[in-house]
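Chains as they are written, first to last, in this note's numbering: chain W, 77 to 524; chain C, 77 to 524.
Heads up, a few of these hints could be off.
Stated by the list, open to error - Derived pair list, reagent style DSS-like, types lysine-lysine, alpha-carbon separation capped at 27 Å:
| id | chain 1 | residue 1 | chain 2 | residue 2 |
| --- | --- | --- | --- | --- |
| 1 | C | K386 | W | K464 |
| 2 | W | K386 | C | K464 |
| 3 | W | K246 | W | K204 |
| 4 | C | K168 | C | K112 |
| 5 | C | K215 | C | K173 |
| 6 | W | K424 | C | K112 |
| 7 | C | K494 | C | K380 |
| 8 | C | K118 | C | K246 |
| 9 | W | K103 | W | K158 |
| 10 | W | K338 | W | K236 |
| 11 | W | K112 | W | K173 |
| 12 | W | K424 | C | K215 |
| 13 | C | K483 | C | K494 |
| 14 | W | K494 | W | K424 |
| 15 | C | K112 | C | K173 |
| 16 | C | K118 | C | K161 |
| 17 | W | K424 | C | K386 |
| 18 | C | K338 | W | K518 |
| 19 | C | K518 | W | K464 |
| 20 | W | K125 | W | K112 |
| 21 | C | K483 | C | K204 |
| 22 | W | K380 | W | K464 |
| 23 | C | K518 | W | K424 |
| 24 | W | K93 | W | K103 |
| 25 | W | K424 | C | K380 |
What the hints assert, rightly or not - Some, not all, of what chain W presents toward chain C, calculated at C-beta under 8 Å:
| id | residue |
| --- | --- |
| 26 | S120 |
| 27 | F317 |
| 28 | F375 |
| 29 | I452 |
Don't read these hints as lab results, they were simulated from the structure. Glycine residues also receive a C-beta, built at the ideal position from the N, C-alpha and C atoms.
Read off the chains here:
There are 2 protein chains.
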Amino acid sequence: MKSTLCEILSEVQKRVKPSPADRDALKEAAASIISKIDLLAKDSNQEVKGILVGSAARNTWLAGDYDLDIFLAVPESGDLEKAMKIARRVGKDYEEKYAEHPYVHARIDGFDVDLVPCYQLPDASCLKSAVDRTPFHTKYIAARISGLEDEVLLLKQFMKGVGVYGSELKVGGFSGYLTELLILRYRSFPGTLEAACSWKPAETIDLEGRGKVPVREPLIVIDPVDPGRNVAAALTLDKMFQFVAAARCFLKNPHLEYFFPKNPDLLSDRELLQAIDERGSQIVLVEFEAPEVVEDVLFPQLRKAEGAAKALLERNGFSLLRSDVDAIGRRALMLFELESWELSSVSKRWGPPVWEEAHMARFLAAHPDPISGPYIEDGRAVVELSRKWTRASDLLAEELPRLSLGKHLAPAVRSGYKIYAGTELAALPGHELRLFLTRYLKARLRMC
Amino acid sequence: MKSTLCEILSEVQKRVKPSPADRDALKEAAASIISKIDLLAKDSNQEVKGILVGSAARNTWLAGDYDLDIFLAVPESGDLEKAMKIARRVGKDYEEKYAEHPYVHARIDGFDVDLVPCYQLPDASCLKSAVDRTPFHTKYIAARISGLEDEVLLLKQFMKGVGVYGSELKVGGFSGYLTELLILRYRSFPGTLEAACSWKPAETIDLEGRGKVPVREPLIVIDPVDPGRNVAAALTLDKMFQFVAAARCFLKNPHLEYFFPKNPDLLSDRELLQAIDERGSQIVLVEFEAPEVVEDVLFPQLRKAEGAAKALLERNGFSLLRSDVDAIGRRALMLFELESWELSSVSKRWGPPVWEEAHMARFLAAHPDPISGPYIEDGRAVVELSRKWTRASDLLAEELPRLSLGKHLAPAVRSGYKIYAGTELAALPGHELRLFLTRYLKARLRMC
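So here's chain W without its partners, still in its complex pose (with noise of 0.2 Å):
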């Protein structure tokens, strides 16, 4: 039986929208560790004020996230350090974390909660620091957003469900905030994702119609609260193209799975072998210890390096199908897949055309005894010379280490790296890794 687009988006609001009672719980707690920061600031006369921010003051947070994120707020002069004296000891378990400055991760009633020290300033226009601008977003969506909760609810989910929520380097997709600008803009869920269908590459939002506009960038949405800024940075192409593609196939065909996909059936270990068998291609995994940063720090570096990796493997002559990277707990993962992975021992080397003489001759004197040549082609002399590298896996397990890696990355790698390929991964353990190896070998989006 085929579900209306009403009767889906019903079911979905039963199972995202947080219970009165869940609502309730989540106030208690947040105002009562509001109050324990007040107080705590009062008992060392600092002048420190505890504010709700993020999708918990918005009403916008999704049914089953238990997560509070409370700004510690100093004055414009004020020192950020005397926040984070005070956010130590609002729970006892906790540990210090460190984005742009340090804040405090706590456990509290069962509640994750992100104690952030920030500078209080009159506008947003005058940032002493990147997370000073959130209490002026909530500021500016709690004052409009009213009536519009349950379709930013929809989006959430539906962007949880296909993949492309979250605006963490690792994901590189659409942050809660964003959600929230684009239900602003379309009205409704199924307004957002018609509008979507027909997104271009630098598609522009700017709902205060105060337009400065930033450099191109895939989707630009100015930020109402500091208009020189793009709430949509964060956002890859791929991602916005994989929402768009997603929201296309919905509205023809809508289904439930859209939002609570299911898991991907984990390849046995004869299905992994086959896989790997029926592509005839050469897999390689290099595996490393990673660096004890953030994700928001290693992504971009483990990207980077794959990059440099995918660059190094083509000026060899070798020709990559894809790559990918993750990071399972301490496990740092790069893949890649070769489609030729084998190459002649002589490679061609072309010098100059034969009628610029000096050039020819630095050309012949830098090359006294090539294999063959040399000889001419299309007017230029050419010599094959031996090849350093035939193999592209021998070619990562010697310069791997010597890439332009990051600075975190870098040692890292250097401190040792193992390279397994083809039917070796089968005899890799760790559920997360075959996980990791299914999703490649799987890949698969919802496209119409």
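Chain C: place on chain W using the hints.
Frame of chain W, contents of chain C only:
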């Protein structure tokens, strides 16, 4: 002991200048053939006139060449077939050949004689057939070359020695007439080499300043008797600059070997296998029965087939190092050397950008069941499909007859061919084939 340029050139002249006895013998043979033609014409009451043309008529033939070109001229309104009838009766040991028109090749008194029917015309601007130009060339050169004949001999022998002499399409080098024009232009052999050192593509030589320069070609030498024609039209860019490179080396370090190179030592079976092993490539040799056409018809078709096969290989993802063709007796050969000869079973098919909705729908409909995908890369839809050809040798073996191969080659290839690869080459019989492989593997030009 290093010889001076003077010593070398005088030694070359000793070897290449026909002796007075040789000259007399040639003159006598020519005179006797021409009088026989005139007699046969008179007997059969035909207006046909024998004319000596070519290098024999210009005193620019190399010692040891026993070639005579004798034309049988009919009036402008006459019939070439009547001249052919006479040509067939000049010598007993003859065969009929075919260029633009039929002609006779005969062995007479130890000479190889081409007996070529042509029209006798008032000037070279109103040709009825391509060969009609030749008597005008002979007249033009004979009137001007006196005193420079030895320079022509040196240039011809140098070009022979470095492998660029001959305007037949197999070689794509310099014709005899072209060497004579070069000497008329530069006045000496060393002068020609020095001038060549600064040649560039589209170098233009216009002795009579009549300057109707034709299309862009490597070397443009306006025919003094037919200014719309480029005498160097058959010269390829690579042969032109093979001459330039050799000229540069010779002037820096003159040596008799440029004129009389040693034959390359044939590779033994063991050396051939070693060379193949050192190159670590895949060498594929295609052999079939050559169609019964002259080399000037065969070679352009062989090269066209070579190009079509290269394009086929590259279109299917394989990369080539080099290739070559030859014809040995009735065996036609095409050799392809691959840099990569085995590819993954899966191949990547790029679709349209995701924002082009109509294109996307067609692309996805065309690939309903890919091995992987669809997924998005750089904003475009991608699917991974099963590759038809994972081995270059299978692709060649299967698809060769379906290529666009030229009029005579197509039926020849379709009636059967053999493919040999790698070490199989060492087991193939034939001195000439081994010479072809030796030349290919030892390819090395004199270049400075």
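Can you give the numbers of the hints that this structure goes against, from lowest to highest?
6, 8, 12, 14, 18, 26 and 28
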